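Following the hints, position chain Y against chain H.
Top line first, the protein sequences correspond to chains H and Y. For what it's worth, this note's numbering labels the leading residue of the first sequence as -17, then goes sequentially. For what it's worth, this note's numbering labels the leading residue of the second sequence as 20, then goes sequentially.
Read the hints as simulated data drawn from the structure, not as lab findings. This structure is a prediction, so every number in the text was calculated from the model and none was measured. Do not take every clue at face value.
Straight-line alpha carbon distances no greater than 25 Å define the calculated SDA-like cross-link-like pairs of lysine to any residue that follow [stated by the list, open to error]:
id, chain 1, residue 1, chain 2, residue 2
1, H, K74, Y, I379
2, H, K74, Y, Q396
3, H, K132, Y, K333
4, H, K158, Y, E170
5, H, K375, H, A396
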Amino acid sequence: MTASAPSHRSPVPVREVVKEASMVKQKEMIARNYDLLTSTAEHGRKVASTFVPGNLNELIMCFDMLNNLPEINAIQNGMRKLSGDYIAEAEKRGHSEDVCTYVKADLGMIAKGNVSPNGKPLPRPDLLLLSYTGCFTFMKWFELLREEYKCPTVMLHVPYQGDGETTKNMRDYIVKQLRQEVIPALERVSGVKFDIDRLRGYLRESARAEDDLVWVLESAKNKPAPIDAYFGGVYYIGPIFTAFRGTPDATEYYRLLRSEITERIRLGLGPITPEGDMKSQKYRLVVEGPPNWTSFREFWKMFYDDGAVVVASSYTKVGGTYDLGFRHDPDHPLESLADYCMGVYTNRNLPQRIDLLEKYMDEYQADGLLINSIKSCNSFSAGQLMIMREVEKRTGKPAAFIETDLVDPRYFSAANVKNRLESYFQMIDQKRGSAPSAA
Amino acid sequence: MATITTAALVARCQALFDDISFGAARQWKAAAPGRKVVAYMPIYVPREIIHAAGMLPLGILGAGESLEVIHGDAYYQSYICRIPRSTLDLGITGRLDFVDGFLFPSICDVIRNLSGIWKILFPEVYVRYFDVPQNFDPEVGGTFYRHELQELREGLARLAGSPISDDALRASFALYNRNRRLVRELYAFRAEAPWRVPASELYLVQRAGMVLPVEEHNQLLADYLAAARAEERPRRDNCRVVLNGVFCEQPPLSLIKAIEMSGCYVVDDDFMLVNRWLLEDLPVSGDPIAALATAFLGGSTETGAKYQPRRELKGRYILDAVRASAAEGVIFAAPSFCDPALLERPMLEAVLDRVDVPHIGFKYAENSAQMQPVREQAGTFADSIKLWSAP
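So that you can see chain Y by itself, here it is in the shape it has in the complex:
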């Protein structure tokens, strides 16, 4: 019998989510002398290397809806998405003044160029644009990526002040393997009984993993799973949907709730893919850098930011997600001006159309305030699925 309720756990996650000064990460850093924090942006960085260096990986996904962006707007035109401007605002207002390093992964031109801005504005911070291969041949892209990983390892070791041993990496792999297993378990449980894991709760529990040490997040995930399994909740007559396109700039929490309140159970999504990027456990023996490279090349998630070399497989992942989660439709929600999500969408829609999976799409910004249109659109979508897709 679980002793902690989902409500208590979610309240803790909500507090972490609301705190855009990152108090938990600050406390972690202050708890022992010499501790360092390395921030990263979506979608994927190998957090294991940061952890193995004794540093805290800190996921930055913009500032959400609570921060009034003032400084960031002076750096970005109106036709660029919101996540770089609110992230910059976090930096300029000192909310990230405890961050010692910042990794900007290869996802799009906006995040790529933000790495250069960060280098200029915060010269004291270790800044690295983290490139990943779009060629998945182990001899070609794999060799390149192993070198990149090794360079990252050396850079982080310099920041940490000591080398990162293979054993330390393997120990971190074990912790993150457990994290990924728990996240997979949570997603599987949600797909099985979505009324017992509301989308907004799963989101907050995942999001906590952006700011907590992996050891604490593992405990949180285990506690939440136990509590969710122990608690009965009313089951609604909702349809089951996959939510796609939310892998970088985040929608407001109210939008996630609005989708659910409109009659849609979210049974799969692409929130915080860093938690689910690697699909299998990393081996805890052998060459750890080679293991990270192999896992990336052959066993990582597909998104709009990743090239699919085989045309016949393009977009199949959305169909796989629909089938694996027994979804009845897909909601494409993309941040305004998000190239990877918006350019990907027509290809995914075509895949769904070929097998008559219904879908709708809309755009948002992290500070979108009007939820009525989303409720109406998602509600109509849910009604249409119930009316027309019933056997």
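Excised from the complex, chain H in its bound form:
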């Protein structure tokens, strides 16, 4: 559910931006991981395919395995304008036009050679690690992948926070699955014996990076905001939500990022956009919902052209709600993984999601809430109109609703989205008496 750093192709003409060290670092990390994934025939490491929400990267690393994330591949293909063809291929093979386009982009990609962004074919996974967290479709997705790959599959079922809390029973259930199902499956596939101290070490490393990630995300409380917590945020969450959580690389990435943002705050600079530093910040927004990936740059431009900066977003919490205080805990390794899985944003009930968005509106001094409702994603989208009403009612700030999709280019109507955004910005102006308040 995150984007890889920078090399973009886009219909929007942009000038080349100087890359900061963290951007270069992330790009190298992602390229290296794809190179590792596409060269398993040489080095022999095993591959687990798994998901971003509920990602058990530290555990996977304990078995010297590589982590392949079909969601990330779908995003990559969305940004590289390939997903439309892949989705068409999946629909041609009988998958409904109504269902999740991540799933179809993945299945279509497999059907067309499973080529990774580095141009080489991705390997067949040795294990499908189905962390069923916050999204029902994951379960069906991996059942479908199991038919494709016919490889071992192990499920980690994570109970939903229906009553807005986690219970001992829920935690015990997850820990028991880890002990009795997931770890033995990883041992069988990898041939490596589980070492809990190794896991503790990775979790300790994770927590360091998590501290810096939270600092980065919360830096948007500054005026001007030094980051965009949605369009920029998807890059910032990249390492920690994917194959790098628990690695020194991730720690180093967040250390670099933090120092760059510290400097931006000192200089009073806004976020870096594809067209350079954002100059004026007229609107501070909280955004709910994933971004559109097929027109990501065009979508972002609609915001920064009008001086809208996103100061907080729910999407950057789908791989963990670290800003609510959670940290991976080496002293309670399996319990900590359980808490992590239960805490991801889409595993929280609707009242919790509303509370969180209200908190963001308040703490980040936002002018309004914008919901980008995704056709593909019932987990996010079902209930968003209720969320909009409630947040509007509680904060008195205007909210707006736009509709796009994750990786299906047919559902991104640029003119329509732009129209709605412009009307929304006017609404914010009217609401605050035509006196722009942001920095």
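Just chain Y, lined up with the frame of chain H:
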């Protein structure tokens, strides 16, 4: 000799079906002071616990085709199925104002999130998202589920105002065991002689079980079975089909009739699986919570909303249904935007393709009005089976 005709029984069921203010459940509640009603959505909740608490389980499957949804549309985007919006409309318009509790089972993200909406809009109602395990190991998923069941039991007891005893649970098990046996009997009879149990009638008789107390529904099932067995009906040259994908949002009754009128006898289906979820009787001795858990883990129906841990068994249930009912083909009918049904379908189709069982598929909404395309598709399917599948 049956004294009540199928026509009279079906007319009663039709009246219950048409009444989207749930008059029968309201009457039940008003008949004695302190009575409470607990609603639930598809697919499965252990109704025995609600019943054992002295409360009425009320199955809510949307509002069907008769309600013009106005309020519900303000809560849902166009690309989300219809059942949550019409259910919300029932709530907002006061049609569910007598409901004291509402259970939202684990089936999909839409129903899951509806539980949160209900908590916000109806804070006076006991609302619970009812999670079920996707791990079927008795020590792992079983332990989790027993705790969940116990929490549900305690929550419902608080709502009822008194504890739910083991004996009360066992007494409810006995009643629901009888209900499941009668439903199984009815399905078996329909599979044997589908011309004597039209799909629309079986549907209405099953649907009555969503609003009637189990004691009354048991009687209704027994009466209908007796009447259907006693009545001769003309046998048509229809083909035999399994209908799959209809386990949550319901198709309009006219769609069920259209399938049959097009030349297809429905010999099995997945309507109202709550009536057939547990495949065996629950034991009426021993620990009742453990019994419910064991039955769920090892002896419950398969659907798209339930994980199949073994790849080689994935989708086998559709083939088992075809074989057990001697069906000649499968009609996949799924609600638009229904993730569990639509994501499941390609896997089921693959299972059928491997053994050359013909199938067709289409989508519907609970308020679909145009039946001509369904009639044409189902009619062509029936013709093709008769033409090409004959020995």
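So which of the earlier hints does this model not fit?
-> When the structure is compared with the hints, only number 5 turns out to be violated.
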